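Visitor: The letter at position 245 of the sequence shown is residue 245 when you use the numbering used here, and the numbering goes up by one with no holes.
Any given hint could turn out to be false.
Straight-line Cα separation of at most 20 Å, EDC-like style, residue types lysine to aspartate or glutamate; simulated pairs [unchecked claim]:
no., residue 1, residue 2
1, K275, E291
2, K32, E22
3, K297, E364
4, K68, D29
5, K437, E464
In short, the hints are calculated from the structure, not lab data.
Just so you know, these numbers come straight off a predicted model, no measurement behind them.
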Amino acid sequence: MRLVDLLEDMEYQCIQGEIEKEIGTLVYDSRKAEQDSIFVCISGAVRDGHEFAAEVVEKGASVLIVEKDVAVEDSVTVLKVKDTRAALAELSAAYFGHPAKELVTVGITGTKGKTTATYMVQSILEASGFKTGLIGTIETIIGDKRIPSVNTTPESYMVQEYFRRMVDEGCKCVVMEVSSQGLMLHRVGGFTFDYGIFTNLEPDHIGPNEHKDLADYIHCKSLLFQQCRYGIFNGDDSHLDEILKGHTCEVETYGFSNGVDMKATGVHLTQSDGKLGVAYHMSGVLDMDVEIDIPGKFSVYNSMTAIAICRHFGVNRETILSSLAKIRVKGRVELLPVSPKFTLMIDYAHNAMSLNSLLTTLKEYNPKRLVCLFGCGGNRSRDRRFEMGEVSSKLADLTIVTSDNPRNEEPEAIVADIVTGVERADGKYITIVDRKKAIRHAIEHAEEGDVIVLAGKGHEDYQEIDGKKYHMDERDIVSDVVMDGNFIR
1 MRLVDLLEDM EYQCIQGEIE KEIGTLVYDS RKAEQDSIFV CISGAVRDGH EFAAEVVEKG
61 ASVLIVEKDV AVEDSVTVLK VKDTRAALAE LSAAYFGHPA KELVTVGITG TKGKTTATYM
121 VQSILEASGF KTGLIGTIET IIGDKRIPSV NTTPESYMVQ EYFRRMVDEG CKCVVMEVSS
181 QGLMLHRVGG FTFDYGIFTN LEPDHIGPNE HKDLADYIHC KSLLFQQCRY GIFNGDDSHL
241 DEILKGHTCE VETYGFSNGV DMKATGVHLT QSDGKLGVAY HMSGVLDMDV EIDIPGKFSV
301 YNSMTAIAIC RHFGVNRETI LSSLAKIRVK GRVELLPVSP KFTLMIDYAH NAMSLNSLLT
361 TLKEYNPKRL VCLFGCGGNR SRDRRFEMGE VSSKLADLTI VTSDNPRNEE PEAIVADIVT
421 GVERADGKYI TIVDRKKAIR HAIEHAEEGD VIVLAGKGHE DYQEIDGKKY HMDERDIVSD
481 VVMDGNFIR
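Build the full structure now, drawing on both the sequences and the hints.
Guide: Rendered as structure tokens:
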């Protein structure tokens, strides 16, 4: 592979060396450097890749991509760029042969709804004969292969490698979650999305290691719409004008407001045999009745997102409706069929905002009791514990305080912090530190008409204690309780 071919779309200054040379691997992890590697010096939050320049050259790297000056032998080609993360994205796209050009690319951004919407889109497109890859918070799906995720949006090299593998597997489309961090750090650089989607925006991910303030968070979200051909937007969101600032795409909207291209009306909750759902009528560029077995108004938005995307693929409404009726997303208001007399679900709600949204939604179904079981992670903000405890105490009829991922903290200390928040309101509560025992208690003491939420773990299938991850899947725990049968059926 010739270096000059990889540099075709890049702006750079050649500080030393030649660009007319053959290269081998493209790496950004110094441990993977080898003979004839290109090494991209990423300035990370923990370590600066420029510190490893001499080390990777010693291993045989022949090209360095830098933002800062480095001192290496004259035979090494050193190319200086404005942003090495952006350069990594462009180099990765070229290195893997620009696979995005062989796929219809769909990117979904927003504070909430990204995960569910991506699975909805993939389900509909697959059912319509479009083999579709998926990249998101839970996993990456390439054909029959599922790869657990570390980040919502992987590093740009991984994105391009996944795209290439998808093309090689015969995929025609890819739908992916695009986080604000992913946009800020150029993880989806090097190509243009065919479709960009905005679900909603609420203050989140603001802090020392993420976004400096809300304006920065909004700006980063908006970058997707300067990098896509067609934009689909939640027309009800109060931040829509800010998200649209600087957009270069065509615009389509959906929501409940007048003037949107696809409007939802007649929303009503559905409930039977322990299942909770929602139904509505869509009018505008599409006219259809929709019903899904996922509760809440946010499910209307998620399904409209999916429908708005899939209509551009010419998918018929029967396929859309049948796919939505069957969709289940691991750990996202995931209903477990335990008993027709009460409802049990698992959800990833792991902060006060998401827990408040979830419990408020479930109260609309008028359960006999709303039971919320949750814990909080160790080595994280104590404020989150107080806030989540207070939210649950205000909205749930019974809070079961338990353990989550205690990490290097004592579970009892975390539970005590949560109880401090619970006692700020007047809700009933109990504490059962052992999460398995807590789940068993919740099911075995269920009453007819209850809605029980196991919150915080979602798709996770482990519990992290003292720096080690132990297998713990709440679905397995529930199955064990069901096998014992000590509850109302």
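Visitor: Compare the structure with each hint and give your call.
Guide: Hint-by-hint comparison with the structure:
no.: 1; hint: K275 to E291; in the structure: holds, 13 Å
no.: 2; hint: K32 to E22; in the structure: holds, 18 Å
no.: 3; hint: K297 to E364; in the structure: holds, 10 Å
no.: 4; hint: K68 to D29; in the structure: holds, 17 Å
no.: 5; hint: K437 to E464; in the structure: holds, 17 Å
Checked against the numbered hints given earlier, this structure breaks none of them.
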